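Undergrad: Single-letter residue listing:
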Amino acid sequence: MIEVQGITKSFGTTLALDEVSFGIDKGEILGFLGPNGAGKSTTMKIITTFLAPDSGTVKVDGIDVLEQPLAVRGRIGYLPENVPLYPDMNVQEYLTFVGRARGLDSVHLKQRLDWCVEACGLVTEFKKPIGDLSKGYKQRTGLAQALIHDPDILILDEPTSGLDPLQIMGIRDLIKSLAGHKTIIFSTHILQEVSPVTDRVVIINEGGIIADGHLDDLARDAMGDQRVILGVRGAPGNVEEGLRGLPGVNSVKVLDAPGLDSNRGSRLEVRGPFDGDLVGAISGLCRERGWEVTELREAMFSLEDTFIELTRRSLGANHSRARGVA
Amino acid sequence: MRNTMTIFKREYAAYFNSPIAYIFIIAFLVLNSGLFMTGFFLNQVADLRSFFGNLPFFLIFFIPAVSMRLWAEDKRTGTFELLMTLPMPARDIMLGKYLAALAFYLVALAGTLPLVVMVAALGNPDLGAIWSGYIGSILLGALYLGIGTFTSGLTRDQISAVILGIMACFLVFILGVGGVAATIDGWIPGLGSFLQDFVGLANHFDMMLRGVVSIGDLAYFLGLTALFLTLNTLWLEGRKY
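Here the protein sequences come in this chain order: A and B.
Just so you know, this note's numbering puts 96 at position 96 of the first sequence, and the rest follows in order with no gaps.
Going from the second sequence to this note's numbering is simple: count from 1 and add 1000.
No wet-lab data here; the hints were simulated from the structure.
Every value quoted in this text rests on a predicted model; they were computed, and no experiment measured them.
Please note: incorrect hints may appear among the correct ones.
[Said to hold, decoys possible] Label-pair ranges, simulated between beta-carbon atoms:
1. B:Arg1156 <-> A:Arg220: 40 to 50 Å
2. B:Ala1121 <-> A:Gly103: 47 to 57 Å
3. A:His181 <-> B:Ser1160: 42 to 52 Å
4. B:Trp1131 <-> A:Gly103: 34 to 44 Å
5. B:Val1107 <-> A:Glu118: 36 to 46 Å
We put the CB at the ideal spot given by N, CA and C, even for glycine.
The following block holds chain A by itself, in its conformation from the complex:
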C-alpha cells in the first residue's frame, strides 16, 4: 500500500533522512519508532506530500507522491504532530470545513461527522470552540479530522503525545478498532505504546532505518538470548550453582535473594540461547532436586532493551563507518 524507496532529505546542511526504505501492506498497522529528531515526522511529511524528498520515491497505492500529489492526498488521512486546529472555530464547524475541503457532499459529510464524533468521543464537545478544549479533546478533534473522509490510509504523527494514560488508552483502542480496514502508520517515541497496538515496527534513528520487522524477532536478534524467570521456595542456597550446571545456560542472575524468612523464596533470571528448551531443563532440575517452584516463565524482552540495544548498535556502525572514511 505504501512503498518508501531510498528517500533522502536534507534541510540545509543537516541530513534528516538518509536512504530510508520500508513498505506497508494493505490493512497493516505500522509502529514508527525512534527518538526525537530521528526523522519520523520528516518521513511522514514526505509520504503525505507536504515535503518532497531530495531523492528516492514514495508510492502510495501505486501512485507516486511527486507525480500525482493530489491523488495521494485524497487517499490519506493525516494527523500532523502539531495538531492543525483553528481555535476560532467549534468542533462541528472545523470538521465540516475539513470534510468539505476533502470533497464530501452534504449527505456523506453528515454520516461521517456522526461517526467521527462518536468514534473519537467528541459528542459532549461538539459545539465548543476548539480554543477552549483540553489537550486531550484537541488531539481527538485532530484525529477526527484525519478520519472525516474515511481514508484508506492513516498517517498519525505522535497521536498520543501529551495525553494522560486514560486518553492514551482511548486513542489506542480507536486505532486498534480500525485495524484490518485501514492501513495505518503511527509514530511515537514512547515504546510502550507500540506493543498493545501492533507488533510490526520500523525503528529509525538519525535519519536511517535501524530495524524493520516484528517486535519478537527484533528482540531476539537484538538480545541474542532468551530469559527465563524462576522463583523457588524452601530450597537450599545452591540453586544458583545448580542452574549454572545445566547445559545451555549462559548466565544466572539472582533477582531476589531468600531472606531469613524461610517462607520467602528466591527469584532468579536465567539466560540461554533461543533454540534450547531452557524452561524444560529448569523445570526438570527443580523436580529432581525437590524445589518448590513458585514461578517459572519466559520473560518478554522489554521494548526498551531492544530499542537501546539496536540504537547502540547503529551508533557503533556509524562510528566504524566514520572511521573507515577517515
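With the hints as your guide, set chain B onto chain A.
TA: Quick look at chain B alone, frame taken from chain A:
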C-alpha cells in the same frame, strides 16, 4: 471553484470571528472619513477626490494589516500543514484566502458609501468620477492585497509579514511619484519612467479619480495583482523542495 469557495468561507468567517475585524473597519472608516471631512467644509467642493486621493498612502498601512494573517497564522499554528495536504492545488487555497481578504476590504470600503450620499445631498457631484474612483479603490486594494498575501506567505510571523507588506506596497506607491521617477531617470536614463509606468501606481490611479477607466490601467492593476498571486502560489509549491 468549489475548493476555493470552501476556503473562502472559512477565511471570511475567520475575519469576523474575532473583534479585530470590527476594530479594523471602524478605524478604517473613522480615519479615512475624518481625514476627508477636515478638508471638506473648507474646500466647499462636493466631490470625493481628496477621499480617494488619500487611499494609496493610507492603504499602505491598512491592507498589509488585513492580509498579514493569511498564511503567517497558518504557519505558526500548524494548520498550514493541513491545508497543504488537502486534495486541492495550492492555487485554489491561495485564491480562497485572497478573495476572503478582498471581501473584507470591500465591506470596509462599502462603509464609506454614506459619504457619497452626503456629497450628493450637499451639492451636485460628478457621480461618474465617484464610481470610477470606487473602481480604482477596489483595484488599488486588490493590488495591495496581492502584495500582502505574498509577503504573508514568506514568513510564519505576522509582524514580519505586515512590515514586509508595508515596504512592498510603499515601493509600488513611491515608484509612481513623479519626483522619484525623475531622480531615478537622472541615474539611469529611462529606468525611472519605465518603473513609474509599469510598477508605480500613481498615474494609473489618478486617471480613475478623473473618471477615466482605461484598458491600460485595468491591465496594470490586474496584471500586477496576478503577478504577486502567482509568485505566492509558486512559493507555496516550491516550499516542498
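Undergrad: Hints first: check each against the structure and report whether it holds.
TA: So, going through the hints one by one against the coordinates:
no.: 1; hint: B:Arg1156 <-> A:Arg220: 40 to 50 Å; result: holds, 46 Å
no.: 2; hint: B:Ala1121 <-> A:Gly103: 47 to 57 Å; result: holds, 51 Å
no.: 3; hint: A:His181 <-> B:Ser1160: 42 to 52 Å; result: holds, 45 Å
no.: 4; hint: B:Trp1131 <-> A:Gly103: 34 to 44 Å; result: holds, 40 Å
no.: 5; hint: B:Val1107 <-> A:Glu118: 36 to 46 Å; result: holds, 39 Å
When each numbered hint is compared with the structure, no violation occurs for any of them.
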